[in-house]
Amino acid sequence: MTSDTQIAVQDLRLAYGHKEVIHGISFDIQRNEIFGIIGPSQSGKTSLLRCLNRTIDFTPEARVSGVIRVDGEDVRKGRDVFALRRKIGMVAPLPVGLPKSIYDNVAFAPRCAGMTRKSQLDEIVEQCLRQAALWDEVKDRMDSLGTKLSGGQQQRLTIARALSHQPQILCLDEFSIAIDPVTTMRIEDVLKELRKDMTIVLVTNLTQQARRLADRTMFLWDGEIVELGRSDVLFSDHPANRKTYEYVNGIFG
Amino acid sequence: MFAETPLVRRKQRQETIAKWIFFSMAASMIVPLILIVGYLFQRAWPSLSLSFLIDVPTHGMTEGGIWPALVGTIYLVVISLAVSAPIGVLAAVYLNEYARDNWFNRLINLAVINLAGVPSIVHALFGLGAFVYAARFGYSIISASLTLAIMTLPVIIASTREALASVPRSFREACWNVGATRWQTIRGVVLPNSISGILTGIILQVSRAAGETAPIMFTGAVFYKAVQKGDLFPYHLQDQCMALSMHLYTLATQVPGVKESIPFATAVVLLGSVLLVNAAAIILRAYLRSRKKW
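Residue numbers (our numbering), protein chains in the order written: chain A, 1 to 253; chain B, 1 to 294.
It is possible that part of the hints are untrue.
Computed footprint of chain B on chain A, listed as stretches where at least three residues anywhere in the stretch have a Cβ under 8 Å from a Cβ of chain B [what the hints assert, rightly or not]: (1) 55-63; (2) 101-112; (3) 152-165.
Hints are computed from structural coordinates only; laboratory data are not their basis.
Glycine is no exception: its CB is placed at the ideal position from the N, C-alpha and C atoms.
Construct all of the structure, not just a fragment, from the sequences and the given hints.
As structure tokens, then:
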């Protein structure tokens, strides 16, 4: 493990009841890279992210084994799971505007972490909304409901919320599934900006999106790593594994 | 191409018949309500007046008003819900938000469901044993209210859980993802968005608590209690009290020579106050729904 490793996963296994969905995978994610994860649904991508920030704890029948280290610390031995979750921004597939005002949507996490000063909160809210490329559209109606925004705006609000606890890692789980291509491209531009400040884990169904953005990409299939490597190799005509080529080029999957 | 064939005509006829059968069954629900209310009002009419509400019964309860019973019912309902609503809501939050699926929580669920199915006369006996004798509260408002509280508790738990479950899980996950604790999630998102359903469920229990006779008859309601006309605070907690449902039962079966319209007027007051409270619940729900946030 080099000093630039941000997330180190060793022999991770996950089972829901008796059904194992991740079969012992190991990989590293480097600091400040965009790490793409591709694969069909049911391949374990979302479950992997939930192990990372330990929201898997809310699924009682889930059994996890193996080690996940974030900045060298074993996440499953960490005492302060909330600090872990604040370190990792998580964006879900479907946009979730909380039924609160736009301001409160973004201020929720800092408040939960104990921040009360209005000036500080104002600053964070503006900064996060700017980072998520939403500020110009909502700055005059911060009191209107987050749930009343359009789908694309809600997804950017979700990203702003994920940034509001100042994470070092940003995980996006198929963020473009419910939004239009133009908004998708805007968010992709946002990600290119954000990569200077944080590590980005990009789970996506769109192989082209991983090809556009990711430095390295991992191809998951049925809970196992088929191939992991630099995106320019993985998406070339000659990836290490024939299956990768077929999946990426739509020959199967 | 679109010409009617005999087959099409037969299907349309069946469609019409089916629709009218279903409609008439649904519409027939209105009939008993109108009959009950109409009949009660017609028989009660000679006695209905404002003074009937605030007068005390006179001449051995054969004349006068129902003030002591009205106040007694308000006492019982308010105190019982003051006990059962907080306990019920907190229990429901635990069961819906915290409880994992293990044997102990299944046991709690089973207890709640079965408690809801216990007949009120059995609640009455339990209240008599537990509050009147074992806890030494005696025949009193406090015993009767606690008995009513136990009776309404499981329904409040059920309605609160339903209200909590109507908040989408994705909201909770969004909160957990940003590092909120369960309690921060509940306070910040779940409760504010389920409070309308919770309140409606509680208010609807007013009618049950006000209408039950057996539980209070065994534990703290009396035939007659001397009270000043219009006195707002005639009872202490350890006093026995009169109540509308009990009063109606007494007038109808125990007291000879009651002016005929008085029991009916008592029933109208009981029914009217319950409908009034239910209407308030419906209006509250409609108002809060109109502000629904997603």
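Outcome of the hint check:
1. Interface restraint, the segment 55-63 of chain A with chain B: holds (3 residues with C-beta to C-beta distance below 8 Å; minimum three).
2. Counting residues of the segment 101-112 of chain A whose C-beta sits closer than 8 Å to any C-beta of chain B gives 3, which meets the bar of three, so the coverage hint holds.
3. A stretch counts as covered by a chain when three or more of its residues have a beta carbon under 8 Å from one of that chain; for the segment 152-165 of chain A and chain B the count is 5, and the coverage holds.
Checked against the numbered hints given earlier, the structure satisfies every one of them.
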